[in-house]
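Participant: Next come the chains, spelled out residue by residue.
Protein chains: 2
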Amino acid sequence: MIICTMGGVKRIAVLGSTGSIGRQALDVIRALPDELKVVALTGNKNLELLKRQIKEFRPRMFYSSAKPDISYGGKFLSAEEIASHPEVDFVIVATAGKAGLRPTLAALQAGKTVALASKEVLVMAGEIITREASLHQAQILPIDSEHSAIWQCLQGEESKPQRIFLTASGGPFYHYSQSQLTEVTPEQALQHPVWKMGRKVTIDSATLMNKGLEVIEAHWLFSFPFDSIEILIHPQSIIHSMVEFIDGSLKAQLGWPDMRLPIQYALSYPRRWSNSELPRLDWEKIQSLNFEPVDYEKFPCLKLAMDAGKSGGTYPAVLCAADEVAVELFLSHRISFTDIAKIVQKTLEQHRNIPQPSLEEILAADAWAREYAAHLSPGYFPEPEQRSNPGIER
Amino acid sequence: MIICTMGGVKRIAVLGSTGSIGRQALDVIRALPDELKVVALTGNKNLELLKRQIKEFRPRMFYSSAKPDISYGGKFLSAEEIASHPEVDFVIVATAGKAGLRPTLAALQAGKTVALASKEVLVMAGEIITREASLHQAQILPIDSEHSAIWQCLQGEESKPQRIFLTASGGPFYHYSQSQLTEVTPEQALQHPVWKMGRKVTIDSATLMNKGLEVIEAHWLFSFPFDSIEILIHPQSIIHSMVEFIDGSLKAQLGWPDMRLPIQYALSYPRRWSNSELPRLDWEKIQSLNFEPVDYEKFPCLKLAMDAGKSGGTYPAVLCAADEVAVELFLSHRISFTDIAKIVQKTLEQHRNIPQPSLEEILAADAWAREYAAHLSPGYFPEPEQRSNPGIER
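So the sequences go chain by chain: A and B.
For the first sequence, our numbering gives the first residue as 4, with consecutive numbering after it.
For the second sequence, our numbering gives the first residue as 4, with consecutive numbering after it.
In case anyone wonders, no lab produced these hints; they're calculated from the structure.
Among the clues, some could well be false.
[As the list claims (entries may be wrong)] Covered stretches of chain B, as calculated for chain A (at least 3 residues, CB under 8 Å):
#, stretch
1, 255-266
2, 269-276
3, 341-350
[Said to hold, decoys possible] Using C-beta positions, here's what the derived DEER-type ranges look like:
#, chain 1, residue 1, chain 2, residue 2, range
4, A, D310, B, D310, 58 to 66 Å
5, A, S231, B, E190, 41 to 49 Å
6, B, F229, A, Q239, 40 to 48 Å
7, A, Q290, B, P358, 40 to 48 Å
8, B, D230, A, D310, 33 to 41 Å
[Unchecked claim] With a cut-off of at most 30 Å between alpha-carbon atoms, the simulated DSS-like pairs for lysine-lysine come out as follows:
#, chain 1, residue 1, chain 2, residue 2
9, B, K58, B, K48
10, A, K349, A, K306
11, B, K345, B, K101
12, B, K163, A, K288
13, A, K163, B, K40
14, A, K163, B, K48
15, B, K101, A, K288
16, B, K163, A, K40
17, B, K163, A, K163
18, A, K58, A, K40
19, B, K288, A, K313
20, B, K48, A, K288
21, A, K306, B, K288
22, B, K48, B, K301
23, A, K301, B, K301
24, B, K301, A, K288
25, B, K288, A, K288
26, A, K101, A, K345
Where a beta carbon is used, it is the ideal one built from N, C-alpha and C, also for glycine.
Same shape as in the complex, but just chain A (with noise of 0.2 Å):
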C-alpha cells in the first residue's frame, strides 16, 4: 500500500542519489512535480554532486557518507534515520554494495514501500528482507528493468506463472572465445553495448554474474522457485523479460533501454503517467529481436550465482562480496577479467555456509568473503591460508 499524503504528492528518499539510478531517479522526480516530491537524499563520496542536488531539490533530509558542510536548514540523519522517517512515504534504495541493507530493513520495519534498485539487498538476505515486509505489510517495489518487467506482467493475473525468461543482453563480449575473453581490458569491458550504468554493474553484465544476481532477486521478489528461473540472450534489450503461464501464453514487457521507465513505473504504480522525457520505441527501426541460449560455460559467473542462491544461507553473501573484491581487482588491473569467476568460486567452495543466517552473521560472511577474496591475489592461486571463516566457527 502506498501512503499518499501532502495532497496526493509521494514524499520520496532517494538513497544513493548521486549513482547512476539515483540521477535518474532524480530526472524522473524533476520531471513529475505534482506527483513527486523529494525530501530526502543521501551520497556517498560524490560529494559535490550531493550538493548540488540539495540546492536543486532542499530535501528536509540529508546523509553523506562524508559529513558535508552544508546549511541549509536540512537535517543531518543517518540513511536508516532517514528510511523509516515519518514524514517518508517512500524509499528508493540505489546504493551500492551492501549499503542499503541496514536502510531497506529500516523502511521496511517502518511500513514504508521500498523501491529496490540495490540488487544486493535481497540476495544478500532475501529471507529477513522479505520476511519483514510481509511482517509489516511493507511493499518492495523492483527498479530492475527485469524485474519490472516480470512485475508489469503478471499484473491482473490470477495464476501463478509457469516459468520466467530473465533476458540478458550479454554483454560486450557474448561472443568472444575463452582466449579473447582472458584478454580483455577494464577500459573494454566498461563498455555496454546498450546499458548505462555504474562501473560495478557493467562488469557483472559483462561476466553475466549481474544476470545471476538478478536470478536471485527475482526468486525473492516473486517467490520463484530457481528451477522456473530462465536467461534468454537478447543482444538488443528491448523484451526486458517474460512470463510463461500454465496454458502456454507468454507476456512480454519491451521498451527502449532506458532505466527511467522501471524506475517511474514503481514511483507511478499501479497507474502509469505521461512522461514526455521517456524514450519510445519505433519499430520502423527495430527489424529483428533476436535470441539465442546462455553459454554457461563461457561465462562461470552466472552458474556459481544461480548455485549460490539455491544453497541459499550465507552463500549469497560471500558471492557478493567476492565478486565486488574481484571486479575491483580487475578494474586496478590486477587480475584478468576470467580471474574474476576463479575468484569468486574459489571464495564460494572455501565458505562453510550458514542456513537461514541472521543479519549479523550475513554480515559476517561478508565480512570474510571479502578478506579471503582479497588475498587470492596478487600472488594468484597459490592456495592462500585457511582464513577464518564465520560459517565454521559458528
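We have chain A; now place chain B onto it with these hints.
Facilitator: Relative to chain A, chain B alone:
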C-alpha cells in the same frame, strides 16, 4: 460476468462447430471435461461432421442449416434460440460471414457471455452489438489471436493504452512484386505460412483484408480510436499483438501460433488452465523475431478496410460483403488475386453510406453489395448498370 452452474462447469454453445475455429473449440472443451460442457452445437453444410460431433458430445440442443436426420433426444432449435437459451452460459460464435449477427445479438440480449471468433459480427454491426452488450451487461470476449493478445496485455492496467500494434504475418506473398501478385493462384493463396484456417480467412490473410477487419474489430472491442491502431508485419506470428502505454512501456503477448490458446483463454478468463495439449514456445528454436512496416500500396485491401471502419455506418458491411463475393470469385478462378481489392474498392465507391444504421439497413447494404460486386465480374470493369443502393434510397 460468467455465470457457472452445474457445479462450476461452464455450459457452452458452439455456433459453427464444423468450421476451423469450431473444431478447435471442441478440442479445447474435450481436453477440459471438468470445466467445460457442450450443451449445443450448430453447423452449416458439413452435415457428416456435425453428426459425428453430436454423437460425441450429445448436446441438449443442435441446429444445422440442412436439417439433419438425427434422433438422440437433443432438441432442434434455431441458432438464436440456442444462443439465448437458459441452459447456455457461454456462446462461442464461430460461424462464417454474417451468420453470427442475429445469434450474437440474441445471446447478448439474454445476458450471455459471447466469445467472438467471427469478425463480421463486430465489423458489420459494431455499434449495435457493443450497445446491446452494454445495455444487458453482457460480456464480449475475443477469440481472434490478435485481440486475445491485446486483451491479455490490458489485464490489470488502469491506464488506457496509447497505441496498439496489431501484428500481421503478411501472408504468403508479402515480398511479391505487383506483377507477381497478379499471377497468384487460389492454390498458392490457400497455403498460409503460419496459421491453419478456413479458406475465406486464408485468402483474406493473403490480401491483408483480414488485418483490416481486425482493426475495425479492435476498435469496437476495446473502444480504441482508429488512429491509435497500427499494423506491424511480423512474419513468425509469435508476438500476437502489443499494447503501448502512456509511459512508453509496451506489453506483448506471445505464443506458438495455435488458435486453441486464445479459445481456451476466453473460456478460462479471468483464470488460466493447464492443458498439456497446448504447445509451448521453444526458445532454443526461435533465433529471431522480425518486423517490417506494412506496405499499404501493395495490399490495398488493408487501407480500404481501415477507411471503411473510420467512415463507419454501412461501409464496413459493404466491405465484408464485397470481399466475400470477390474471394469466392477468385477461388473459382474467375478473377485474379489483385482483382479482389478492385472489386471491393469499386463497390465501396458506389455505396451511399447510412450512418448509425439499423440491423435491417446493414443487411440491406450487405445484399446490395453482394449483388453489385457479383455483377462487376466476370465481364470485368465495363461499368455495370447502377444497381439499387439502399443508401441512396433511404
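Participant: Name the hints, by number, that the structure is in violation of.
Facilitator: Structure breaks hints 3, 6, 8, 14, 15, 20, 22 and 23.
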